[in-house]
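Peer 1: Here's the letter readout for the chains.
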Amino acid sequence: MLSQIRPAIVMIVLFTALTGILYPLAITGVAQLALPTQANGSVIERDGTVIGSALIGQNFASDRYFHGRPSATTGSDPADPSKTVDAPYNAANSMGSNLGPTSKKLIDRVNAAIEAEFAAGRIDVVAADAATTSASGLDPHISPQFALAQAAAVAKARNLSEAQARAVVEANVEGRVLGVIGEPRVNVLLLNLALDRLQ
Amino acid sequence: MTSIGLAQIAIVLLAVIVAAVPLGNYIATVLAGERSLLSPALSPIERVFYRLAGVDPAREQNWLAYTMAMLAFSVVGFASLYALQRLQAYLPLNPQGFSGVPADLAFNTSMSFVTNTNWQNYGGESTMSHLTQMLGLTVHNFVSAATGLAMAFALVRGFSRAESPTIGNFWVDLTRSTLYVLLPMSIVVALALVALGVPQTLQGSIEATTLEGAKQTLAIGPVASQEAIKELGTNGGGFFNANSAHPFESPNALSNMLEIWALLVIPFATAFAFGRAVFDYRQGRAIAITMMIVLVAGVLVAYWAEAGGNPLLTEIGVDPSPGNMEGKEVRFGPAMSALFAAATTGTSCGAVNAMHDSFMPLGGLVPLFNMLMGSIAPGGVGAGLYGFLVLAIIAVFIAGLMVGRTPEYLGKKIETREMKLAMLAVLIYPLSVLGFTGVSVMLQTGLASLNNAGPHGLSEILYAFASATDNNGSAFAGLTGNTPWYNTTLGVAMLLGRFAFVIPVLAIAGAFAAKKKGAASVGTFPTHGPLFIGLLLGVIVILYLLQYFPALALGPIVEHFALLAGKTF
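Chains as they are written, first to last, in my numbering: chain A, 317 to 515; chain B, -4 to 564.
Hints in this document: simulated from the structure, not taken from any laboratory. Because the structure is a prediction, the values reported are computed rather than measured. Glycine included, every Cβ here is placed at the ideal spot set by N, Cα and C. Don't take every hint at face value.
[Said to hold, decoys possible] Below, in silico cross-link-like pairs of lysine to aspartate or glutamate (DMTMM-like), each with a Cα-Cα straight-line distance of 20 Å or less:
| hint | chain 1 | residue 1 | chain 2 | residue 2 |
| --- | --- | --- | --- | --- |
| 1 | B | LYS510 | B | ASP314 |
| 2 | A | LYS472 | A | GLU490 |
| 3 | A | LYS420 | B | GLU310 |
| 4 | A | LYS421 | B | ASP275 |
| 5 | B | LYS210 | A | ASP424 |
| 6 | B | LYS511 | B | GLU202 |
| 7 | B | LYS408 | B | GLU310 |
| 8 | B | LYS210 | A | ASP393 |
| 9 | B | LYS210 | A | GLU361 |
| 10 | B | LYS512 | B | GLU310 |
| 11 | B | LYS562 | A | GLU361 |
| 12 | A | LYS421 | A | ASP440 |
| 13 | B | LYS510 | B | GLU158 |
| 14 | B | LYS210 | A | GLU431 |
| 15 | A | LYS420 | B | ASP314 |
| 16 | A | LYS472 | B | ASP314 |
| 17 | B | LYS210 | A | ASP363 |
[Unchecked claim] Examples of chain A residues lying across from chain B (beta carbon under 7 Å, computed):
| hint | residue |
| --- | --- |
| 18 | VAL326 |
| 19 | THR400 |
| 20 | VAL401 |
| 21 | SER459 |
| 22 | PRO460 |
| 23 | LEU494 |
| 24 | LEU514 |
| 25 | GLN515 |
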């Protein structure tokens, strides 16, 4: 085995140079030149400020906006950094709830979320994605059903007609590629931006 | 289950097979040392590697020397990766200013990447500097996969050669697998992923002010380059904690399909490469078909389980028609989540695009059972083929017992020594999985890490040790693995699963290479037809169902019935 140590060390060094430095840097170079928008995270700016990425969900709490899915991400407590607290859509710490299907915590959480939404009069039916957390906690999309269910409440908060709000949703539904690939969905950030542009 | 969902699954699997056949031919050419399309560009680089390393590419090794070279490379890789993590605070390219990785976590992570497991007890975006991600993790994504391919072809040479004292040269196999197969494919897939929206930058994060005026910090980095080799090398270690569920790792349905394709294509191609290397395409085809049957069966069970939704949530008013969406992304939906789950555990990849911990009991059973079978449908890069060939040896042996003839596989007599080695390899898995799980559930420190109570808690621990031993790396991620107990035991499980399995396999390779190749006669059991495929499937089911049924009955199966009875934990 000792006679193999030299090739082992040399090979690690060479592969590190090739696959650890050259490869990612070359891809970065080509990507930055040819596809700068995607390579830098599909950032959206409005009036010169970065408001987020088209790919990453944001936390919407206001009545005036469509809400995204519940998010299970956490962050460190600003008051005590050794503790973690709920921090929905923390894009520096992606995670899911990892609650199993028979978890009492899951059932209670979903129940509470449904009751809160009904009490606020935001929705009248519960789409599957409206009650559940996504795998990343950063899901940018909701189902068209969930978006339409919120349309009346958002319209009311903005003094729009429900038909206007529904029309914005319909215009922002992304369908399946070639009718097969992907799931119908609405990007919540893009939807809310379109809503802001309306007024 | 919808016809669109089934069509999505069929499209991906069809694209895999269409590409795997020619790719298999190419891989066989590369590992045979023949010239290929890329030789003019790559052979000068290849020669530099050999010269600097002091390797004579024409000099072959016997199985012991081959094994020693593989072990030396793994030891050096482990040590350098460990040092890199511990020292990252003092090294450049650390824009977020992360401190050094603690000792137990660094041990676990190094073992994880050297063994092609990529189990992650850390959140990538909150622990590892860009330098560690690039120099440490991306490099091992390449070379641990190349090591797997090398070992698979060492075993293939055991079958293709007769009376040969040697089984190839490890350094040549390692270099050629990386340069000719993994690197060119990664470049193409990485650029395709960028085009589909995956970021590739040296920045550390983006600061945004959301529509509601809150601050949002978006972790970002050289994601696409790592993503490509993560899938192609069946590694599975994500740039981000949420892995391929993170929208920056997989922004849409097309990137998702590309990633599933990338993680399946080389393992299927190696089955076809095997056929070409032993001069009988039908042999490779039989293995590929068997792999596909096991894979598709798993996908269908998982899709069926996930598409129905969670009855406990339906009861309180949630619409069940889109399926069980807890821990899933809207853009993927249940069909593509089920396919990803079965593919990532049918290979030894372990990337995830949905949280397996939140799958329905029988949906989660599929990835768990795939790993307990040793991830053989179609298996990790290289690891799948050598794992499958061990099963083929056992199947042929059983067939031989039934008709009372000395069993033969591809003209090689299977005798006591090879059977002992094959059984040794196969028995390491239950020893590690069931042994460590058993000890963990008896210890307070083992139970303190659980995120879910009841039978699902047992599933979390069983899944962790299955994943580590199998060198998979996916998780029922609710389990807090970053504790001294799990960091250490999971690290040891990965070590056993890789090396205690592959050393007997290389010994088998040496033994077969030295044997004469017998000519086929009318009494030879054909190993390319439906009879052999059926026998192989039977061996897989008997071997693994018997080993693991008691553990599965106490975990996902009892949870399924508890759920039907409306019980929560």
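Peer 1: Next, verify each hint and record whether it holds.
Peer 2: For each hint, the structure was consulted:
no. : hint                   : in the structure
1   : B:LYS510 with B:ASP314 : 63 Å, violated
2   : A:LYS472 with A:GLU490 : 25 Å, violated
3   : A:LYS420 with B:GLU310 : 14 Å, holds
4   : A:LYS421 with B:ASP275 : 56 Å, violated
5   : B:LYS210 with A:ASP424 : 30 Å, violated
6   : B:LYS511 with B:GLU202 : 67 Å, violated
7   : B:LYS408 with B:GLU310 : 60 Å, violated
8   : B:LYS210 with A:ASP393 : 15 Å, holds
9   : B:LYS210 with A:GLU361 : 14 Å, holds
10  : B:LYS512 with B:GLU310 : 64 Å, violated
11  : B:LYS562 with A:GLU361 : 49 Å, violated
12  : A:LYS421 with A:ASP440 : 24 Å, violated
13  : B:LYS510 with B:GLU158 : 5 Å, holds
14  : B:LYS210 with A:GLU431 : 28 Å, violated
15  : A:LYS420 with B:ASP314 : 19 Å, holds
16  : A:LYS472 with B:ASP314 : 25 Å, violated
17  : B:LYS210 with A:ASP363 : 16 Å, holds
18  : VAL326                 : 4 Å, holds
19  : THR400                 : 11 Å, violated
20  : VAL401                 : 15 Å, violated
21  : SER459                 : 6 Å, holds
22  : PRO460                 : 10 Å, violated
23  : LEU494                 : 10 Å, violated
24  : LEU514                 : 14 Å, violated
25  : GLN515                 : 13 Å, violated
When each numbered hint is compared with the structure, violations occur for hints 1, 2, 4, 5, 6, 7, 10, 11, 12, 14, 16, 19, 20, 22, 23, 24 and 25.
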